[in-house]
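Residue numbers (numbering that gives the first Met the number 0), protein chains in the order written: chain A, 0 to 318; chain B, 0 to 318; chain C, 0 to 318; chain D, 0 to 318.
Source of the hints: derived by calculation from the structure; they are not laboratory data.
Be aware that a few hints might be false.
A pair counts as met if it fits within one copy or between any two copies, since identical chains are not told apart.
DSSO-like cross-link-like pairs, simulated, lysine-lysine; straight-line CA separation at most 30 Å [as the list claims (entries may be wrong)]:
#1 K266 x K32
#2 K122 x K266
#3 K63 x K123
#4 K63 x K299
#5 K168 x K220
#6 K122 x K220
#7 K220 x K173
#8 K220 x K32
#9 K123 x K266
#10 K266 x K176
#11 K32 x K52
#12 K131 x K52
#13 K123 x K303
#14 K303 x K122
#15 K176 x K220
#16 K63 x K266
#17 K107 x K266
#18 K123 x K220
#19 K266 x K75
#20 K52 x K122
#21 K131 x K63
#22 K63 x K29
#23 K52 x K220
#24 K32 x K303
There are 4 protein chains.
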Amino acid sequence: MADIPPATVKRIGFIGLGNMGLPMANNLYKGFKDSADFIVFDVNQTVTSNFLKEHNTDPANPDKVKIAKSPLEVAKEATVVVTMLPASQHVQSVYFGQDGLLEGLTDKHVVVDASTIDQSVAKKVADVLHAKGVKALDAPVSGGTGGAQAGTLTFMVGSRTTEDFDLAKPYLEKMGKNIVYCGTNGNGQVAKICNNMLLGISMIATSETMNLGVRMGMDPKLLAGILNTSSGRCWSSEVYNPCPGVLENSAASRGYTGGFGTPLMAKDMRLAVNAAVETRSTVLLGALAQQLYNQMANNKEFEKLDFSAAYKWLSEGSK
Amino acid sequence: MADIPPATVKRIGFIGLGNMGLPMANNLYKGFKDSADFIVFDVNQTVTSNFLKEHNTDPANPDKVKIAKSPLEVAKEATVVVTMLPASQHVQSVYFGQDGLLEGLTDKHVVVDASTIDQSVAKKVADVLHAKGVKALDAPVSGGTGGAQAGTLTFMVGSRTTEDFDLAKPYLEKMGKNIVYCGTNGNGQVAKICNNMLLGISMIATSETMNLGVRMGMDPKLLAGILNTSSGRCWSSEVYNPCPGVLENSAASRGYTGGFGTPLMAKDMRLAVNAAVETRSTVLLGALAQQLYNQMANNKEFEKLDFSAAYKWLSEGSK
Amino acid sequence: MADIPPATVKRIGFIGLGNMGLPMANNLYKGFKDSADFIVFDVNQTVTSNFLKEHNTDPANPDKVKIAKSPLEVAKEATVVVTMLPASQHVQSVYFGQDGLLEGLTDKHVVVDASTIDQSVAKKVADVLHAKGVKALDAPVSGGTGGAQAGTLTFMVGSRTTEDFDLAKPYLEKMGKNIVYCGTNGNGQVAKICNNMLLGISMIATSETMNLGVRMGMDPKLLAGILNTSSGRCWSSEVYNPCPGVLENSAASRGYTGGFGTPLMAKDMRLAVNAAVETRSTVLLGALAQQLYNQMANNKEFEKLDFSAAYKWLSEGSK
Amino acid sequence: MADIPPATVKRIGFIGLGNMGLPMANNLYKGFKDSADFIVFDVNQTVTSNFLKEHNTDPANPDKVKIAKSPLEVAKEATVVVTMLPASQHVQSVYFGQDGLLEGLTDKHVVVDASTIDQSVAKKVADVLHAKGVKALDAPVSGGTGGAQAGTLTFMVGSRTTEDFDLAKPYLEKMGKNIVYCGTNGNGQVAKICNNMLLGISMIATSETMNLGVRMGMDPKLLAGILNTSSGRCWSSEVYNPCPGVLENSAASRGYTGGFGTPLMAKDMRLAVNAAVETRSTVLLGALAQQLYNQMANNKEFEKLDFSAAYKWLSEGSK
């Protein structure tokens, strides 16, 4: 990883400052602000100007943080670029569209796409960038907005070589706790899709279980404590319990606001069900859970809520 | 908890030496053999005589371990009794049947039923025993046969008072790692039912996920490692992964032999679905998972396998 | 069937004038009012006095229709008795409770229970009545309140002999279109449970299908017409289409009021899921559909609606 | 419909002589052999030469039936063309590929595609053909191979105008019983997808119901008879009962051979689940049923069987 040690990087670029991207960019900034400047791009100019206001506070260096007019400008000014976008079509336009990244990328660039997209698109992006000598990696994340803010995300990284992986790792480590090498380009997406299918099912299962136990007369905190020291234990019961009051800082304890929205989970589980068909795999619980998130995502109230609102969906059915 | 310190207990009784009961009795024996003698009962005389052969090895004390002819005999000889039985009807006959425990119990006895049964039966047993001054507790377990052998079970304990709980705790601690006070008699069953419903769903979800990832080209150990550091993490993926080869000592890696059989999971999830109806709760994934275990439990091959054979059930469907 | 030809029956009794029972009693009255008098009983005295007001209009015969103070009084005055009750416990109290039918029944009586109850209870009632020489039959119905009003119900009849069946048939024919001999006592319940499980699944399936087609741009009447001449055809699409406007007189076209309530369907499908467990049968769609009706039956709005409101439940989820 | 009365059609073309296409072509031939000659094309030359052997039996007219070397040749020789192909990609290559239909089509042609494909592809084919003045219709069918052989299929027809519909109708009437106008091009596919989703769910529901009833002790023929006169009635219970022995000529009574294979049903239900996502519709039972057919379609034994083998799948699980 010697040829681009972080120390020699003059400017770092970040594209996509959404619910996930913004806190990731903040952590990346905190981690490298002493050694590098920044440039950011987002179609939503409010978030970029807020980013500027918050971080561009050094009178001695008025260009410490810059806002780019296009992905191309990011490529021209930064040698390390991270992108965090909603879906396959956004990735394609940011990389291959007019004034897109591709035009400005060279064999001096390290580019990491942290978006969750189809494995096929991730492979295509990597192939095109590799042809120009760019070090390209796909690194979708898990951990939700909480993990993004705490810098404890897990990155599932697909890269052509372990050298490319080592090059990107120092940057990912500022935004995440676990940086996992998943093999060749595209495998990061496989890991992400599998993780989120299991997460999506577990959250509904935890919601059904907490709702049942509470109705049977157990105290929810006591029940959660028991599950979390038993074989029912899962991330959804321990770290993100969907029952209000069990965890102080959970989405459930703030009315299911913020967090990982039901439409995002419906989208990720949809990718999983598609992948199941393509690989002739059977996902009985996966397909049912996908429909349930789809149902919530299409409901005026629940489309705005965190995916752990599955608990509210189930328990309020009986109000 | 002073009135029956373990030191003053002359003989400990254990009823029900099945897949779970036998290793539990072995651990209880190891823990108290220096301070107390034992008496055991089971309808299967082979297991009791094996228990005798293995432990009754002190020529200076030929009665160190005795085999009882009936539950009543256990009550007459032991002051602390643990029962571990398959279902509600067995509990009722062992406690209330002819030559049953009840006839011999007094206000000097501490009795713990570790069986998984209906909440209503557990409450009835407790009421009848309390009327005779017996300290009665319900303490169903989780952790499977592996936890029973390692002495790392979780006991979910319902008891009339915390004093009764403190009295029983020293004995449970020899068989388990987590001894959890769940409140009044019967609540142990609530905790158990909820835990196993969540476990049963998680295992199928983990099986669907591992099967999908493997078919998408990921190495199963690598995938499991990623899930276990991400939000998809659950006991089934970490401790009991259903994909052969991922964990050396898992049921999956020994052909799904031993462990927690599909009929037992089908039974526990059935208790959960029943409880859901009684409490007007909705368990969409729970009801579907119950049917899938029911389907396996009624299949000549899978009825003999560990519940993690859900992976085999799903993946072989595509052979 | 010669020993009690309808002509010799002086008074006919009917117990249970609910949503189903009342229109059935009205049709039975219309069919025999020229040859027999009537006596009715219901815990709800409003419905019995309304029945009296409507039918007891012959000044020459002021006792044409009587209201009984108890089931026993019905047995004493009538030789043919039909009962239509909500569940097993009501049947047991009406037949075996204080001032119950049993006390007054003789070998001159023909008694038909049209309630939907557990097969075991139906068998017990038949055994006890047979012991007194009573001709006892179980004859649960299908067809809903529409069929009850139109006299087009299907009776699924369990009886000890075909002679008993022939004896009851003339009465059932006034209330239904299809009187089906299902074999020995209790088999009527089997047929009913199976029919309603299939009905309950078909109604949700039809709702999902109509909702999908409408969202894809098809006219609902045209789509229903196509389904009804194709292999997707079912009673729910043809006779009871859940999409408002497709059928003029459907529950859907009157705001899902009246008809067969979601709690009743949840109850019948619950009997089916129980029967599946007892017979080691797998009902994957049945168990899921049961949970969905359970969810509706526990919702303040949907608990009051016809079971075809499954369409409203699905389609409004996306409003 | 005057401009191309069947009488003036000199040669009729048929492309795709598979399980469905062959019996359809046979019926079309029987219907018009007195007024027109034929030309057929299939990549499988065995089926085309068999078709020739069977029908080209008039020594006075050795060219009565011809085998085309390409779709283009069919377009050049016939003015009415019917295509029956497996999936979207085959339709695109037959119409738009090298030596494809398009090259030879003129404003004198009437072309009916009876394949079941994506609505979007059906619309594209129609647009391109309309631009050349061709009368183009999409007319997917239901009724299975039995209906294809008996000439009792239902055609769900999408066409630009009712005039086009009237033009094609005489030909479709030789192959089907119900020729249904579904509106504009593409709507035929909507009707087909909706019908088959409802069919697929109903077949599994009927299988679960028949299996449950038989295990509860009912005679299968008697149970089917009851369902078919009750509200559980559906095409799967009446016309295609999945329980062996209930109907003499059902697939179930011949070991589930022939008929509509599980992979075909899995494919059609997959189209339905995709359409549900695109239209933000919820299909809970649909998604579960799709997974179950997917499971059967990926099983070495069941991939070869008719979709009514769902009964065998469920009932043998308990052998």
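Checked hints:
1. K266 x K32: This pair counts as neither: shortest intra-copy Cα distance 34 Å, inter-copy 54 Å.
2. K122 x K266: both (20 Å within a copy, 27 Å between copies)
3. K63 x K123: neither (33 Å within a copy, 52 Å between copies)
4. K63 x K299: neither (42 Å within a copy, 58 Å between copies)
5. K168 x K220: between (38 Å within a copy, 22 Å between copies)
6. K122 x K220: Between copies only: 23 Å across chains, 45 Å inside a chain, cut-off 30 Å.
7. K220 x K173: Between copies only: 26 Å across chains, 33 Å inside a chain, cut-off 30 Å.
8. K220 x K32: Classified as neither: same-chain Cα gap 41 Å, cross-chain 37 Å, threshold 30 Å.
9. K123 x K266: both (21 Å within a copy, 27 Å between copies)
10. K266 x K176: Cα proximity of K266 and K176: one copy only (25 Å, versus 40 Å across).
11. K32 x K52: Classified as within: same-chain Cα gap 15 Å, cross-chain 71 Å, threshold 30 Å.
12. K131 x K52: This pair counts as neither: shortest intra-copy Cα distance 35 Å, inter-copy 60 Å.
13. K123 x K303: Neither, since 33 Å and 36 Å both go past 30 Å.
14. K303 x K122: neither (32 Å within a copy, 35 Å between copies)
15. K176 x K220: both (28 Å within a copy, 20 Å between copies)
16. K63 x K266: neither (36 Å within a copy, 55 Å between copies)
17. K107 x K266: neither (34 Å within a copy, 47 Å between copies)
18. K123 x K220: between (47 Å within a copy, 26 Å between copies)
19. K266 x K75: For K266 and K75, neither the intra-copy (33 Å) nor the inter-copy (47 Å) Cα distance is at most 30 Å.
20. K52 x K122: Answer is neither: 36 Å inside a copy and 51 Å across each miss the 30 Å cutoff.
21. K131 x K63: Within. Shortest intra-copy distance 29 Å satisfies the 30 Å Cα cut-off; inter-copy 61 Å does not.
22. K63 x K29: within (12 Å within a copy, 68 Å between copies)
23. K52 x K220: The answer is neither: 41 Å in one copy and 45 Å across copies each exceed 30 Å.
24. K32 x K303: neither (34 Å within a copy, 61 Å between copies)
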